[in-house]
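**Q** Each protein sequence line maps, in turn, to chains G and E. With the numbering used here applied, the first sequence has no gaps in its numbers, which climb one by one up to 464 at the end. With the numbering used here applied, the second sequence has no gaps in its numbers, which climb one by one up to 276 at the end.
Any given hint could turn out to be false.
To be verified - Across the chosen pairs, the derived CB separations fall in these ranges: (1) E:K71 with G:D195: 49 to 55 Å; (2) E:A270 with G:G135: 57 to 63 Å; (3) G:E94 with E:E202: 52 to 58 Å; (4) E:G234 with G:G343: 24 to 30 Å; (5) E:M1 with G:E124: 45 to 51 Å; (6) E:A270 with G:F375: 46 to 52 Å; (7) G:E376 with E:K29: 43 to 49 Å; (8) G:R365 with E:Q75: 55 to 61 Å; (9) E:T96 with G:E128: 33 to 39 Å; (10) E:D255 with G:N239: 16 to 22 Å; (11) E:N77 with G:E413: 52 to 58 Å; (12) G:D412 with E:D248: 39 to 45 Å; (13) G:P399 with E:K6: 33 to 39 Å.
Quick caveat, the hints were computed from the structure, so don't treat them as lab data. Here a beta-carbon is modelled for each residue, glycine too, at the ideal position from N, C-alpha and C.
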Amino acid sequence: MRIERHHQKEQDPKVRAKNFSEPVYNFDAETAVAEAKRCLKCRNAPCRNGCPVAVKIPEFIGKIAEGDPLGAAAVIRETNNLPAVCGRVCPQEEQCEKLCIRSRMEGAVSIGALERYAADYALERGGETTPPKGGLKGRVAVVGSGPSSLTCAADCAAAGLSVTVYEAFHTAGGVLVYGIPEFRLPKSLVKKEIDKLLSLGVRLELNTVVGKTVTLPQLLEKFDAAFIGSGAGLPQFLNIPGENLNGVYSANEYLTRVNLMKAYDPASPTPIPRGGRVAVFGAGNVAMDAARTALRLGAEKVSIVYRRGREEMPARKEEIRHAEEEGVVFELLTAPTEILGEGGRVRAVKCARCELGAPDASGRRRPVVVAGSGFEIPCETAIVAVGTSPNPLIKDSAPDLKTTEKGTITVDEKGAASIPGVYAGGDAVTGAATVILAMGAGRTAAAAIAEYIKGKGAKRIIEN
Amino acid sequence: MYRIVKKRNLAENVVEFVIDAPAVTLNAKPGQFIILRVDGDGERVPFTICDMDKKAGTVTILVQTVGYSTKLLAQKNEGGFIQDFVGPLGRATDLTEFKKVVMIGGGIGAAVIYPQAKFLKSVNRPADVIVGARTKSLIMYEDEFKAAAKNLHIATDDGSYGRKGFVTDVLRELLDRARAAPAQYDAVFAVGPMPMMKAVCELTKGYGVHTVVSMNATMVDGTGMCGGCRVTVGGKALYACVHGPEFDGHLIDWDTAINRSRNFREQEAAHLCKLK
Numbered sequence: 001m002r003i004e005r006h007h008q009k010e011q012d013p014k015v016r017a018k019n020f021s022e023p024v025y026n027f028d029a030e031t032a033v034a035e036a037k038r039c040l041k042c043r044n045a046p047c048r049n050g051c052p053v054a055v056k057i058p059e060f061i062g063k064i065a066e067g068d069p070l071g072a073a074a075v076i077r078e079t080n081n082l083p084a085v086c087g088r089v090c091p092q093e094e095q096c097e098k099l100c101i102r103s104r105m106e107g108a109v110s111i112g113a114l115e116r117y118a119a120d121y122a123l124e125r126g127g128e129t130t131p132p133k134g135g136l137k138g139r140v141a142v143v144g145s146g147p148s149s150l151t152c153a154a155d156c157a158a159a160g161l162s163v164t165v166y167e168a169f170h171t172a173g174g175v176l177v178y179g180i181p182e183f184r185l186p187k188s189l190v191k192k193e194i195d196k197l198l199s200l201g202v203r204l205e206l207n208t209v210v211g212k213t214v215t216l217p218q219l220l221e222k223f224d225a226a227f228i229g230s231g232a233g234l235p236q237f238l239n240i241p242g243e244n245l246n247g248v249y250s251a252n253e254y255l256t257r258v259n260l261m262k263a264y265d266p267a268s269p270t271p272i273p274r275g276g277r278v279a280v281f282g283a284g285n286v287a288m289d290a291a292r293t294a295l296r297l298g299a300e301k302v303s304i305v306y307r308r309g310r311e312e313m314p315a316r317k318e319e320i321r322h323a324e325e326e327g328v329v330f331e332l333l334t335a336p337t338e339i340l341g342e343g344g345r346v347r348a349v350k351c352a353r354c355e356l357g358a359p360d361a362s363g364r365r366r367p368v369v370v371a372g373s374g375f376e377i378p379c380e381t382a383i384v385a386v387g388t389s390p391n392p393l394i395k396d397s398a399p400d401l402k403t404t405e406k407g408t409i410t411v412d413e414k415g416a417a418s419i420p421g422v423y424a425g426g427d428a429v430t431g432a433a434t435v436i437l438a439m440g441a442g443r444t445a446a447a448a449i450a451e452y453i454k455g456k457g458a459k460r461i462i463e464n
Numbered sequence: 001m002y003r004i005v006k007k008r009n010l011a012e013n014v015v016e017f018v019i020d021a022p023a024v025t026l027n028a029k030p031g032q033f034i035i036l037r038v039d040g041d042g043e044r045v046p047f048t049i050c051d052m053d054k055k056a057g058t059v060t061i062l063v064q065t066v067g068y069s070t071k072l073l074a075q076k077n078e079g080g081f082i083q084d085f086v087g088p089l090g091r092a093t094d095l096t097e098f099k100k101v102v103m104i105g106g107g108i109g110a111a112v113i114y115p116q117a118k119f120l121k122s123v124n125r126p127a128d129v130i131v132g133a134r135t136k137s138l139i140m141y142e143d144e145f146k147a148a149a150k151n152l153h154i155a156t157d158d159g160s161y162g163r164k165g166f167v168t169d170v171l172r173e174l175l176d177r178a179r180a181a182p183a184q185y186d187a188v189f190a191v192g193p194m195p196m197m198k199a200v201c202e203l204t205k206g207y208g209v210h211t212v213v214s215m216n217a218t219m220v221d222g223t224g225m226c227g228g229c230r231v232t233v234g235g236k237a238l239y240a241c242v243h244g245p246e247f248d249g250h251l252i253d254w255d256t257a258i259n260r261s262r263n264f265r266e267q268e269a270a271h272l273c274k275l276k
């Protein structure tokens, strides 16, 4: 039977481009049940194969269809510690929904929207039960508090292990709090998820830079195992002239000022450029986040400047659509060649038009500058969002930790690094990727850590 | 929360805080810095570690009240708490390879060079120290330097104390005198406002004396994440927070660095007005 896919209602683009509330509304109960009933309950559940943490999708959707969102949330939580986060930021269209049988007919089941519905319901109402803890004894240090670390910590705690999470910032959550903007992922929600983790008995040490405050070898004196989920926090720049002018920011700096440091609130002491014209370099999710944030801070005009074409943009389709609807201008097949200044501040970006040539090492067609196509985009703020790489601080304090040329930590298929008892996952291993892939890696590593401690036995540590 | 163990006024608008932060003292070394937030909505502001007591688990910082957060901090009292305190960050100073050093502290920079002066004294290579400030009330650590330095020279812009003039005037004399002496200076270590450090570097370049400076760039996280503290050193963008804060002063692009330090000046001034 043909039943059209239900879509979440959205704020008017003109209105939402000026506020930090979520652009997309949650399903109401009626719509959620109707959408859940579209699930064909395929016996082989192809959707599950697309999920890096193998959420029991038909089961949880079945619970929603029965009018039991709490039951649905419990099913999701069996394999996913951050359902409210994943329901919002996972690229479902590339994963579970892509494999949904209905995607070949009138549109995939809205798995992401249903996940958010169940997760939000449970977070608001409470009443979720925590499964009993395992009996494994031992101590695990988790470095970082982003998605891979939170998942690894939760799984280790569930196995019975005593877990301490170390976070460099003054707030836990990693990229979920410093990188992804409020309108895409409300911070109150991340806090609830972290509080849930702490209620499992996980300890959180903020303001601790592993590699500086305490080194990895120092941690290993006290812990049986360690998981490194320190992300990919180092910004890449374009290395074009003018990048050190005032008004040029890495997307990391810009977004951290707005999100973690709360510059979205005009009363905050954190300085941030508001208004004016903004150019954003890059076309990934981070670039869309920066561009849409600039609009919300009052920018008159925001341009995305990207060397390749529409098809090559790495951002999620939904993010691109949202940005476009909100009024972000796309300067595609356009390479920034120089940032021009006046009195030490940015006044414009010098650009050249590009054509796509033969595929490069990444498999994407290489942009080639068209001679004589130079032009200027006037702007007062320029934001560089062309990628990030892992931070070398931990590696620098632990010479035995093997890393690749790109600085990512070398691990085996179970997440084990080159030092016995040390595991790693997430962007620190893969380079910048998605929340859900990081969570999958955290989960794999937690299982391996449990095995490792079982095999070795916990250290005898005298508590002081 | 981190407790303020001790607070004292050192000079006009300069307050010394001793903070209870045992975790920071585990690996901290002079020359490194910490980042603190005064309260729950505060900015992250970097301060150099001036001293520490590993046994007591305390870290000493000097705060010059220049902006919103530093004024807020200066209003805190002994026994009070500050919200966040993270470190040590950056690389430690390493003067072990130098035999004859001139140290220059401009304004609050005196606090940064003091632990190094103590160190060189302890290895029997006491440094010649130049402390400079705008006026007498801004001179600090005089007695401490008298004990730690080989010779202490004081200069004030207005001549209200020590000799009238800039630290570079004293430095030029020392370098000229050393030319005639058997042992040349092998390093100058200068910490202070950027225009002062720039002037020192321009001078020492002519004498061919290696010069180390400490860059107090604007930063957010202090771990290499934001890139806001980038400094052009030898044509390359390096981060003050992880590659520094100390750099070879002769390789720094000073005009860019000084310009970048003014990035948020207007917004900061506007926000400062909100503080009583």
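**Q** Does each hint hold? Answer for all of them.
**A** Checked hints:
1. Checked against the given bound of 49 to 55 Å, the beta carbons of K71 (chain E) and D195 (chain G), roughly 34 Å apart, lie outside it.
2. A hinted range of 57 to 63 Å holds for the C-beta pair A270 (chain E) and G135 (chain G), which are about 58 Å apart.
3. Taken as a hint, the range 52 to 58 Å holds for the pair E94 (chain G) and E202 (chain E), whose Cβ atoms sit roughly 56 Å apart.
4. The beta-carbon spacing between G234 (chain E) and G343 (chain G), approximately 26 Å, falls within the hinted interval of 24 to 30 Å.
5. Look at M1 (chain E) against E124 (chain G): about 30 Å separates their beta carbons, and that is not inside 45 to 51 Å.
6. A C-beta distance of roughly 34 Å is found between A270 (chain E) and F375 (chain G), which places it outside the suggested range of 46 to 52 Å.
7. Taken as a hint, the range 43 to 49 Å holds for the pair E376 (chain G) and K29 (chain E), whose Cβ atoms sit roughly 48 Å apart.
8. One distance hint, 55 to 61 Å for the beta-carbon pair R365 (chain G) and Q75 (chain E), holds here, with the actual separation near 59 Å.
9. One distance hint, 33 to 39 Å for the beta-carbon pair T96 (chain E) and E128 (chain G), is violated here, with the actual separation near 58 Å.
10. In this structure the hint that D255 (chain E) and N239 (chain G) lie 16 to 22 Å apart at CB holds, the actual value being about 19 Å.
11. For the pair N77 (chain E) and E413 (chain G), the beta carbons lie near 56 Å from each other, so the given range of 52 to 58 Å is met.
12. Distance hint check: the CB atoms of D412 (chain G) and D248 (chain E) are about 41 Å apart, consistent with the given range 39 to 45 Å.
13. Between P399 (chain G) and K6 (chain E) the Cβ separation comes to about 38 Å, which falls inside the hinted range of 33 to 39 Å.
Consistency with the previously given hints fails for numbers 1, 5, 6, 9, ordered from lowest to highest.
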